[in-house]
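There are 2 protein chains.
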Amino acid sequence: MSWSGDLYLTERAVILSIGYELLQGRVINTNATYISRKLSLLGYEVKAIISVGDNYNDIGKALDFAINALGARIVITTGGLGPTHDDITADAIAKYFRKKLVLNKEAYEMIRSKYESAGMEMTESRVKMALLPEGSKPIPNSVGTAPGIHLRLELVELFALPGVPKEMEAMFEQYVEPILRARTGIQISEGYLEVMGVPESGIAPLIKAIAKKYPIYLKSHPQLHEIESPLVKVYIMATDKERSKARSLCLEACRDLENKLRTLKEAKIIRSCECS
Amino acid sequence: MSWSGDLYLTERAVILSIGYELLQGRVINTNATYISRKLSLLGYEVKAIISVGDNYNDIGKALDFAINALGARIVITTGGLGPTHDDITADAIAKYFRKKLVLNKEAYEMIRSKYESAGMEMTESRVKMALLPEGSKPIPNSVGTAPGIHLRLELVELFALPGVPKEMEAMFEQYVEPILRARTGIQISEGYLEVMGVPESGIAPLIKAIAKKYPIYLKSHPQLHEIESPLVKVYIMATDKERSKARSLCLEACRDLENKLRTLKEAKIIRSCECS
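Here the protein sequences line up with chains L and F, keeping their order. Mapping the first sequence onto the numbering used here, position 85 (from 1) lands on 85, and the numbers just tick up by one. Mapping the second sequence onto the numbering used here, position 235 (from 1) lands on 235, and the numbers just tick up by one.
Just so you know, not all the hints are guaranteed correct.
Straight-line distance between alpha carbons at most 25 Å, and here's what the computed BS3-like set of lysine-lysine pairs gives [to be verified]:
1) F:Lys114 to L:Lys233
2) L:Lys208 to F:Lys100
3) F:Lys114 to L:Lys61
If you only want the chain L side, here are some residues facing chain F, beta carbon under 8 Å, derived [to be verified]:
4) Glu21
5) Ser40
6) Val46
7) Gly82
8) Lys114
9) Thr123
10) Thr145
11) Tyr217
12) Ile227
Just so you know, these hints were derived from the structure itself, not from any lab. For every residue, glycine included, the Cβ atom is placed at its ideal position computed from N, Cα and C.
Let's have the full structure, built from the sequences with the hints guiding it.
Shown next, in the form of structure tokens:
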């Protein structure tokens, strides 16, 4: 619990991944990793990543958990925006926030023009992708077909993105990221230190002391084997409104830890402090 | 919503992944994929996968959400069992279920013997790994050091496993899987069908019809591009108490869909029905 850095990570975010394929272990949720990394570097505190199925009740319960139990003010969903009957994300979001699901003209035009240039007509399944919760803005999809959903509510700002990674990533970078960057002014510096020869349990007291001393996030990750061939990677993250201050803090804490590690007989620093 | 197969998927499970590294996008949650795949094939309905940080409040809220909102009767956690001060999973579980955290003699012996054979003593950080919620059984760790936790409660059976994938997988297979297999007698048959030349939105009405007609789970996954180079993979899963019946149902529904697809002019079946 070394989140003294909470001070600057004021905006809470939750990622909600939607799709039975995630719950059945048929797809690895790399989307959540991508988004959580992006959000962290933009200065948001990701409180949880939740995967549920394409199920109205469960999507509603997950939104409730994210917003009311965890206090999320940014919610990013992925998946369930396609043309098939089980792609229910837009409708589930509308139901949860008590909005009507309406034909969004801008979204309709985005979809229609794509099919038209391929000589295809608008069928019911294709029109379905233009049905968004009332008050939403469609998020342009430069890679695929289904637009995303941007919904600003009283407490929460929600972005619904598709599940196909290339589409999701392009839409995040082109649309979501500029909006989120403008909401915070947080700078992050992060770094690693690697030490061989001492098991994680041997380093634990030093880590604890440094984590208490500085307002940083600090975490050790054993890489090989605790006893036979100990190699521990220590991750450090510092935040500040100013980048140079975040970096100074990251380096100061890291060097302090490194100096303490050098006093241990078996410890061999194989990567010295680095902070971005 | 083609889960008519719910009939046999009676036991609800939730996977709770614990660790800030997941929320910061520094680690891909392959553990959850592994466990959700295993649980699905064992006949459990995974209702959600949740990742939260190493934080007492958030772990408690996630357990509450899993058990009370989603009705989970099996909860499997990963991560946070190591020797460092921020590994708080055992304590957080104890707090949530109002159990004392006590030194488990069996766990202590497992840990002590490992360090002893490496000529190392039991320090406070190492003893910490033997502190389990009262009434738990330690789960042997054949790969690493920290034992897991098996806690049988009135409504819920909880298994806490470490975050290191190799340790987690070995412990799941050697300890958790036999217990979970004995609780259900469900057989699953699953298969794929692949079709080129028709966009997912063109296949959607056929999928919808088949999903309504049979008690199966059916899901289309676009592989390339909806318009330019459509290639759609269709996943089919059927469950039954008898394996042969599950397989017949999977094949029957798949072939029905395949025959309907063949009536579309542009459709080219590139992988014919397969069911395990």
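Taking the hints in turn, this is what the structure says about them:
1. F:Lys114 to L:Lys233: 22 Å, holds
2. L:Lys208 to F:Lys100: With a Cα-Cα distance of about 24 Å, the restraint between lysine 208 of chain L and lysine 100 of chain F holds, given a limit of 25 Å.
3. F:Lys114 to L:Lys61: Not OK: lysine 114 of chain F and lysine 61 of chain L at ~44 Å, beyond 25 Å, violated.
4. Glu21: 6 Å, holds
5. Ser40: 4 Å, holds
6. Val46: Holds, about 4 Å.
7. Gly82: With a closest approach of 6 Å, the glycine 82 of chain L hint holds.
8. Lys114: 6 Å, holds
9. Thr123: Check passed: Cβ of threonine 123 of chain L comes within 6 Å of chain F, closer than 8 Å.
10. Thr145: Constraint on threonine 145 of chain L satisfied, holds at 5 Å.
11. Tyr217: 7 Å, holds
12. Ile227: Cβ of isoleucine 227 of chain L sits 4 Å from chain F, so the hint holds.
Checked against the numbered hints given earlier, the structure breaks only hint 3 and satisfies all the rest.
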